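Student: Given next are the chains, with one letter for each unit.
There are 4 protein chains.
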Amino acid sequence: MEQKSNTAILLIHCPDQEGILAAVTSFINVNKGNILYLDQHVDYQQNTFFTRIEWDLTNFLIPRDKLNEYFSTLFGSRYDMQFNLYFSDIKPRMAIFVSKMSHCLFDILARYSAGELNVDIPLIISNHPDLAWVGEKFGIPYHVFHVTKENKEEIEKAEMDLLAENKIDFIVLARYMQIISENMINSYPNKIINIHHSFLPAFVGAKPYHQAFERGVKIIGATSHYVTTELDAGPIIEQDVARVTHKDSVKSFIHKGEDLEKIVLSRAVEKHIDRKVLVYKNKTVVFS
Amino acid sequence: MEQKSNTAILLIHCPDQEGILAAVTSFINVNKGNILYLDQHVDYQQNTFFTRIEWDLTNFLIPRDKLNEYFSTLFGSRYDMQFNLYFSDIKPRMAIFVSKMSHCLFDILARYSAGELNVDIPLIISNHPDLAWVGEKFGIPYHVFHVTKENKEEIEKAEMDLLAENKIDFIVLARYMQIISENMINSYPNKIINIHHSFLPAFVGAKPYHQAFERGVKIIGATSHYVTTELDAGPIIEQDVARVTHKDSVKSFIHKGEDLEKIVLSRAVEKHIDRKVLVYKNKTVVFS
Amino acid sequence: MEQKSNTAILLIHCPDQEGILAAVTSFINVNKGNILYLDQHVDYQQNTFFTRIEWDLTNFLIPRDKLNEYFSTLFGSRYDMQFNLYFSDIKPRMAIFVSKMSHCLFDILARYSAGELNVDIPLIISNHPDLAWVGEKFGIPYHVFHVTKENKEEIEKAEMDLLAENKIDFIVLARYMQIISENMINSYPNKIINIHHSFLPAFVGAKPYHQAFERGVKIIGATSHYVTTELDAGPIIEQDVARVTHKDSVKSFIHKGEDLEKIVLSRAVEKHIDRKVLVYKNKTVVFS
Amino acid sequence: MEQKSNTAILLIHCPDQEGILAAVTSFINVNKGNILYLDQHVDYQQNTFFTRIEWDLTNFLIPRDKLNEYFSTLFGSRYDMQFNLYFSDIKPRMAIFVSKMSHCLFDILARYSAGELNVDIPLIISNHPDLAWVGEKFGIPYHVFHVTKENKEEIEKAEMDLLAENKIDFIVLARYMQIISENMINSYPNKIINIHHSFLPAFVGAKPYHQAFERGVKIIGATSHYVTTELDAGPIIEQDVARVTHKDSVKSFIHKGEDLEKIVLSRAVEKHIDRKVLVYKNKTVVFS
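Residue numbers (my numbering), protein chains in the order written: chain E, 1 to 288; chain V, 1 to 288; chain G, 1 to 288; chain P, 1 to 288.
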């Protein structure tokens, strides 16, 4: 949210060893970058170093288009680093997939139109025409693809072409009730964010509120995660819960759940947009 | 907690029909019972009526030893009721089963010795001698039964004899790391309270914190439930959760979890002791 | 949310005495009303009876326009009752007041346009033109009243005329940054719902997030309440909280708080619309 | 909790500048200290650097008794640092003050006797004899000081002598219902931990649950904080909350609150014992 207009962001993980942080911060300081944010975490069990650094580029001496190369040469191989470099003034481009329920879509678009999300949303894709009016309200092209068993492969190809034409960086499934194919998932690794309407790994799959009601739980939840080829098993970004009682029906589970879903999804989307999520071994490190 | 010294408590469920509550409250009023608590819930989907009523017996006209019979005759069959009658001055007798971890045991005994639980605890049973000192501190006999695969049946028989001798009404598994046999479960239907160290139905079975850590969840939980013959699948009484982050280790999951476990178990035990839990179709109605 | 198309709703409180509930339910049953919801609570300390009853009017024998009178005659004075009668197919009419922040406004309008709120929203009133575009998006007339110290009385008169013309039943202050005059408050007793961006009664008045940050709290909150003439001191309808840490700034307090505010306000508004809030001695009874 | 047997712990804050962390970690590494934990936070608004570092001393080249001096010379004045050095095998010595309620006392002693707290507890002080039996159960001397208005000064002197004799490092007020004098507070700056039974700053002072009930809140809380001379206004270490409804009475507020109080106080005490709390400008930085 608090993006500065001209900053660089580095997400790094590598085997821990002495002096990594010193080397990296020194490099930034020496080249006249002003560090605005630095969070690091060392997992001493796995001997792994994680960090997120953001610095002001106003007086930075290294040209933006050289930075990735320099950093790779100076630190990447030396420390066996996996790193991602982003610039805050290059907005990621996001596609939203929806079906018939509007609560998550509205929550994202409300933040978007209030200027809270540092992102571009060139399009919405749906398997139903029901929410076309929402796209219209917000002036975002709404594309309907009628998916059937027969045409699924062909339709996904068309969708992926559309995504490519629009230079989409990542996809948000805002209660999209269709299984995404392996092909699409593999084209957007850790770049498809889903909201599952349960406290995963409880109640994987269809109708989780019905399952939860049947089981007689006292708390319901929602989980946002990156989509992997195994159903509802990708890296969890955010979760939240709400109390229910014997007075609740499946309907009120669903109603209470909607508030969870939209907040949990929007939080995950924000963290992703702000480049605060680092995926490591099917888990996430979510920086504050 | 707020037990009056001389009250009767009725837990009722039956098919809903007109006038049940009127009939029951009228019966109590006419016979000079002063109602202190009444909570009712109608599940209109299942057309089922649930209530818990507590009234002062000081001036009540029907003798205590006749009350069950009268109520059964007047209402039981007429409304196809399932009901349980309790008297607040007859304390239930509770056995605690523990293994090696003391947090749940201590939490219950602290409440007990502060006079917060309207219960008698004549004994503690364990498969390990480690916590014998706790029993000693609180002056409660601590019985060790070394269970092995070979002697399991025989040992459980001895345990059940001990429970019978001590007129135990219900059992609390305060982190007891042994599977209870079907025989014992069937002897104490909805009368064995377990604490499972996960947010059920996620992470059934052994080492739930390790499972949760592996899965990368952002929230951990604890669940207290009545024990049924299906593992970790009985009626849930209470659940609670706590946030974790990528900075947490399995050790800190376990540590944070211990606070959840003891509070969740103690709340469930209190609700059971106060006769505020009604089991219906593998779910619980928990009155406030 | 789960409004039936043709039901009557009664909210009642009165001194507790024997047989009230029996009398009322009997009256409904005898006249062929089918009870769909009944929740009652007796405060035995204050000897006060509270209930909310909803029943299907399809076969109800008493004409709708006579019901209030009948009920008053039969029960009102006899039991010294305060009661309110509503019909679910008569939607309340709600005005939204906003200033410059859109999150609460959007959250309400998203629910409204998804058909989740059984309400009519004929107008939005603001002291700033900034959010006129939101009103436009949702097709709701947006009226700007530039309030100054000098013209406050006159402007409020104009606002109240507009509210009266539009037959407004209740008002929602969706982050409206103006003190409402006593005159307007007294015209809408327990009918103006405010969201205060703190965990009341902590941080009354201006800039509560700054106050909270200054105090170093570990949890922030939001509170929705009915407006009374004493600032931020009216009956609380709903509250919720979120954790913060030393890593949070005032900005991130505000950002996290916005999610609380909108959910807490929307929940309160829903409860009010569904006639589930009963005010009693500057407190609320909120039915489930 | 996860204390290693022989580690050094540094808590540091100072004006932020380039290279602090590099200098400090380098110093530890060069001298063969193995860093086990490092958490840092920079407040870029206030330009202040905070860190907590813990390292294994097994092969550390600088003798323990010289370490403070070396560190002060090498870094302290150079970076204008405020730092505290601790050794994990030197247990802090803690006194518990109680009045009549046992829940917090029990919770601390249960953790203590389970070996979870790296602390020595040589004594309990009380203004009432009621809980002497608890001290006895756990084998901890329990000293009763009958405080009256007249003898307050004299009694506190006796208490402080006793604390000094027992080399007490810090004090835990486990629901101690007496105002501590300025003199004692000034002798233990940021070393007296209190639990206040409200969500501070709401409901400062006496009978907060009664105040909360009167106000009609929907959530209650508990707050642990360091004691300063201004009542209930010291740096907050930890807070937590629980939901209440219109069905709750003052009694049930108190009952629900007790679980909050003990968990919140114990968490704060653990953080303090583990040297994870850093006080800065009447706020705390609590490391994970």
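Please note that a few of the clues may not be correct.
Heads up, the list lumps identical chains together, so a pair's fine if it works in one copy or across two of them.
[Said to hold, decoys possible] Below, computed lysine-lysine pairings styled on DSS-like, alpha-carbon distance capped at 25 angstroms:
no., residue 1, residue 2
1, K191, K281
2, K251, K283
3, K32, K66
4, K137, K276
5, K137, K149
6, K251, K207
7, K276, K32
Derived by calculation from the structure, the hints in this document are not laboratory data.
Keep in mind the model is a prediction, meaning the values are calculated, not measured.
Student: Could you run down the list of hints and mark each one as holding or not?
Tutor: Here is what the structure says about each hint:
1. K191 x K281: Answer is within: at 15 angstroms inside a copy they meet the 25 angstroms cutoff, but 42 angstroms across does not.
2. K251 x K283: For K251 and K283, only the inter-copy Cα distance (17 angstroms) is at most 25 angstroms; the intra-copy one is 32 angstroms.
3. K32 x K66: within (15 angstroms within a copy, 37 angstroms between copies)
4. K137 x K276: Cα proximity of K137 and K276: none, with 30 angstroms in one copy and 32 angstroms across.
5. K137 x K149: neither (31 angstroms within a copy, 36 angstroms between copies)
6. K251 x K207: within (12 angstroms within a copy, 34 angstroms between copies)
7. K276 x K32: Only inside one copy: K276 and K32 sit 23 angstroms apart there, 33 angstroms across copies, limit 25 angstroms.
Hints 4, 5, counting from the list given before, are not met by this structure.
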